[in-house]
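Trainee: Protein chains in written order, with this note's numbering: chain A, 1 to 191; chain B, 1 to 359.
Check before you lean on any hint, since a few could be wrong.
Unchecked claim - Ranges of calculated distance between the beta carbons of each label pair, as one might list FRET restraints:
#, chain 1, residue 1, chain 2, residue 2, range
1, A, V54, B, R111, 54 to 64 Å
2, B, I6, A, E47, 22 to 32 Å
3, A, T9, B, Y194, 35 to 45 Å
4, A, C125, B, Y149, 34 to 44 Å
5, B, Y194, A, Y32, 27 to 37 Å
6, A, S13, B, D112, 46 to 56 Å
7, B, R52, A, E118, 17 to 27 Å
8, B, Y330, A, S13, 17 to 27 Å
9, A, V52, B, E146, 23 to 33 Å
10, A, S13, B, D4, 46 to 56 Å
11, A, V54, B, I284, 45 to 55 Å
12, B, I12, A, W126, 38 to 48 Å
13, A, G103, B, Q38, 27 to 37 Å
As the list claims (entries may be wrong) - Far from chain B, some chain A residues (derived; all Cβ distances over 10 Å):
#, residue
14, I19
15, T53
16, L176
The hints are simulated quantities; they were obtained by calculation from the structure and are not laboratory data. Only a predicted model underlies this, so the values are computations on that prediction, with no experimental measurement involved. Cβ coordinates follow ideal geometry from the N, Cα and C atoms, glycine included.
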Amino acid sequence: MKIVGHNLTTKESFYFFEIAKGLWITSRHFIYNMYFHIAHLLGKYPEVPAAVTVQYPEEKVPLSRRWRGRHRINARPDGSPRCVACMLCETVCPVQCIHIVAGEHPDPAIEKYPVSFEIDVTRCCWCGMCEEACPVDALYMDTGKSPEPGFSREDLLYRKEQLVKEMPLPGCQRSLNAPGQGPMEANPLGL
Amino acid sequence: MCLDVIITLLKIAIVFGFVLNVAAILSWAERKQSAVMQDRIGANRADVLGFRIFGLFHPIADTIKMLTKEDWVPPAGDAFIHTLAPFLALFTALVVFAVIPFGDTLHIAGRDIPLQIADLNVGILFIVAFGGLGFYSVVLAGWSSENKYSLLGSIRAAAQLISYELALGLSIVGVVMAYGSIELDDIVRGQGQYVLGVIPYWGIVAQPLGFILFFTAAMAETKRVPFDLPESESEIIGYFTEYSGMKFGAFWMGEFIEVISVAGVVTALYFGGWQIPFLSNQGIFIPGLFTIPLPHLLVVLLQVSAFGLKVLFFCWFMLLVRWTLPRFRYDQLMAFGWKFMVPLALVNIVVTGLIKYVF
Numbered sequence: 001m002k003i004v005g006h007n008l009t010t011k012e013s014f015y016f017f018e019i020a021k022g023l024w025i026t027s028r029h030f031i032y033n034m035y036f037h038i039a040h041l042l043g044k045y046p047e048v049p050a051a052v053t054v055q056y057p058e059e060k061v062p063l064s065r066r067w068r069g070r071h072r073i074n075a076r077p078d079g080s081p082r083c084v085a086c087m088l089c090e091t092v093c094p095v096q097c098i099h100i101v102a103g104e105h106p107d108p109a110i111e112k113y114p115v116s117f118e119i120d121v122t123r124c125c126w127c128g129m130c131e132e133a134c135p136v137d138a139l140y141m142d143t144g145k146s147p148e149p150g151f152s153r154e155d156l157l158y159r160k161e162q163l164v165k166e167m168p169l170p171g172c173q174r175s176l177n178a179p180g181q182g183p184m185e186a187n188p189l190g191l
Numbered sequence: 001m002c003l004d005v006i007i008t009l010l011k012i013a014i015v016f017g018f019v020l021n022v023a024a025i026l027s028w029a030e031r032k033q034s035a036v037m038q039d040r041i042g043a044n045r046a047d048v049l050g051f052r053i054f055g056l057f058h059p060i061a062d063t064i065k066m067l068t069k070e071d072w073v074p075p076a077g078d079a080f081i082h083t084l085a086p087f088l089a090l091f092t093a094l095v096v097f098a099v100i101p102f103g104d105t106l107h108i109a110g111r112d113i114p115l116q117i118a119d120l121n122v123g124i125l126f127i128v129a130f131g132g133l134g135f136y137s138v139v140l141a142g143w144s145s146e147n148k149y150s151l152l153g154s155i156r157a158a159a160q161l162i163s164y165e166l167a168l169g170l171s172i173v174g175v176v177m178a179y180g181s182i183e184l185d186d187i188v189r190g191q192g193q194y195v196l197g198v199i200p201y202w203g204i205v206a207q208p209l210g211f212i213l214f215f216t217a218a219m220a221e222t223k224r225v226p227f228d229l230p231e232s233e234s235e236i237i238g239y240f241t242e243y244s245g246m247k248f249g250a251f252w253m254g255e256f257i258e259v260i261s262v263a264g265v266v267t268a269l270y271f272g273g274w275q276i277p278f279l280s281n282q283g284i285f286i287p288g289l290f291t292i293p294l295p296h297l298l299v300v301l302l303q304v305s306a307f308g309l310k311v312l313f314f315c316w317f318m319l320l321v322r323w324t325l326p327r328f329r330y331d332q333l334m335a336f337g338w339k340f341m342v343p344l345a346l347v348n349i350v351v352t353g354l355i356k357y358v359f
């Protein structure tokens with residue numbers, strides 16, 4: 001281990017001047033911020049912020065378009081999920097939080113559909129790999145929502161019926177087709 | 001006789017009411033001030049019926065939390081001493097205020113009421129003695145916890161307090177020499193004089209080096225950053241690790257009360273106590289120019305509030321220092337105390353003596 005030392009200069013070794021300098025910096029911040037806090041109370045200079053804090057539940061910073069929030073499953077025009085139970089997301093998921101049970105779809109062109117599709121958000125690590133893996137414009141993480149706390153594990157298990165009802169955050173939609181809209185053939189695999 | 005007792009009790013109620021309330025508010029002020037200094041907003045979520053009043057409910061919420069928490073005594077520890085230690089911390093910090101004069105003598109209804117709870121003729125020695133007694137709470141807390149790390153923390157604290165006690169005592173000697181008394185009332189009255197007719201002869205004017213030394217040593221006595229090695233919340237374990245609930249709260253409050261006590265002592269010794277420059281018993285008085293007579297009660301009221309404001313300013317300043325400086329390393333702390341503060345305090349005494357001898 002290399003220890004990088006710093007020998008104090010004579011002025012620094014007195015501490016006093018360095019302490020005074022440090023106190024000047026912090027008290028300058030204090031006085032500046034206090035001035036604007038009081039000005040805000042009096043309704044003056046509302047455009048000059050006195051603190052960088054975002055008071056979270058009341059105000060939120062705008063989300064990036066690439067922000068990965070809670071999952072949703074895109075719907076076909078008939079309202080059924082676009083998922084074809086290909087198991088790619090379940091396979092790619094590094095924490096194995098997706099569980100799909102596949103069933104045979106009556107339409108031979110579609111072949112398969114998820115009988116059950118569960119995402120265990122207690123395990124999800126929000127990596128977004130499932131979203132990247134999905135070949136059929138079905139699984140997205142563009143709802144702009146954070147997972148809500150629940151009282152049981154059951155509350156934190158998101159099922160197909162719930163996921164298909166979720167909507168993308170306006171302006172942040174990443175799917176080719178909006179939920180329930182768009183031609184069937186407009187998805188990458190032509191399904 | 002009966003009236004004297006009532007007056008004394010009233011003075012105690014006023015002074016301790018002020019100190020305890022300011023101590024509670026300091027726990028709020030520490031969060032808020034650090035937040036403002038760091039461009040944040042700070043604690044503002046305690047909410048009573050939709051009112052938040054800048055987070056001022058937080059001290060109350062803290063107290064309720066600490067009173068309702070489990071109060072745990074280590075089974076192998078000494079329950080009596082474990083309980084005694086936090087009370088000792090509170091008591092020694094609080095009792096210092098008994099000798100600090102907070103106003104001029106009040107003449108009311110033919111009575112002379114000195115605005116000071118106890119005018120002891122050993123004033124300064126009393127303060128130093130109880131400051132020294134304060135470290136028993138630290139040692140007892142660490143020892144009775146039956147925890148190696150608490151004990152080590154309390155040993156660190158004891159070593160630190162003893163080292164800085166020396167510099168503290170020696171730096172006060174300069175003030176005693178300058179005003180020729182160890183009675184705090186005399187010292188404060190002595191600060192009502194003027195140098196060259198215009199500069200108030202406050203302790204800071206008479207003892208600039210002494211003030212810096214005293215203030216530094218006193219901050220070390222309060223065991224707060226940059227001298228918070230005894231507790232060091234974040235990494236090395238301190239002496240009150242085994243405390244929970246309101247006993248921990250008592251240590252916490254004791255620390256804030258110590259801050260106020262130090263602010264009070266610094267005000268009394270170095271910043272003129274209740275003196276306001278150019279305000280005497282007769283009213284506003286500019287030497288050689290004019291006097292504006294003011295009623296006696298108004299003068300006393302102004303002086304008492306001046307004392308309160310000075311104390312609050314030093315509380316603010318100590319919080320400012322606490323949120324500006326990083327902590328000393330232990331060897332730096334000891335070297336700073338013994339090789340820097342003590343020799344400088346001795347030099348201060350010699351120089352003060354020389355100046356006294358020459359003039």
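Trainee: Each of the hints needs a verdict: does it hold here or not?
Mentor: Going down the list of hints, with the structure as the test:
Restraint check, A/V54 to B/R111: a C-beta distance of roughly 59 Å satisfies the suggested window 54 to 64 Å. For the hinted restraint 22 to 32 Å between B/I6 and A/E47, the CB-CB distance of approximately 57 Å leaves it violated. A/T9 and B/Y194 have their C-beta atoms about 39 Å apart, which keeps the hinted 35 to 45 Å range intact. For A/C125 and B/Y149, the Cβ-Cβ distance of about 36 Å falls inside the hinted range of 34 to 44 Å, so the restraint holds.
Under the hint 27 to 37 Å, the C-beta atoms of B/Y194 and A/Y32, about 36 Å apart, fit the expected range. In this structure the hint that A/S13 and B/D112 lie 46 to 56 Å apart at CB holds, the actual value being about 52 Å. The hint said 17 to 27 Å for the Cβ distance between B/R52 and A/E118, and at roughly 41 Å that hint is violated. Here the CB-CB span from B/Y330 to A/S13 is close to 18 Å, well matched to the stated 17 to 27 Å.
The given range of 23 to 33 Å is broken by A/V52 and B/E146, whose C-beta atoms sit roughly 45 Å from each other. Remark: the range hint 46 to 56 Å for A/S13 to B/D4 is upheld by a beta-carbon distance near 55 Å. Roughly 50 Å separates the CB atoms of A/V54 and B/I284, a value that falls within the hinted 45 to 55 Å. One distance hint, 38 to 48 Å for the beta-carbon pair B/I12 and A/W126, is violated here, with the actual separation near 60 Å.
Restraint check, A/G103 to B/Q38: a C-beta distance of roughly 57 Å breaks the suggested window 27 to 37 Å. A Cβ of chain B approaches the Cβ of A/I19 within 10 Å, the least distance being about 7 Å, so the stated non-interface status is violated. With a cut of 10 Å on Cβ distances, A/T53 falls inside the contact zone with chain B, its closest approach being about 4 Å. Interface exclusion of A/L176 from chain B stands, the closest Cβ pair being 43 Å apart, more than 10 Å.
Of the hints listed earlier, those the structure fails to meet are numbers 2, 7, 9, 12, 13, 14, 15, in rising order.
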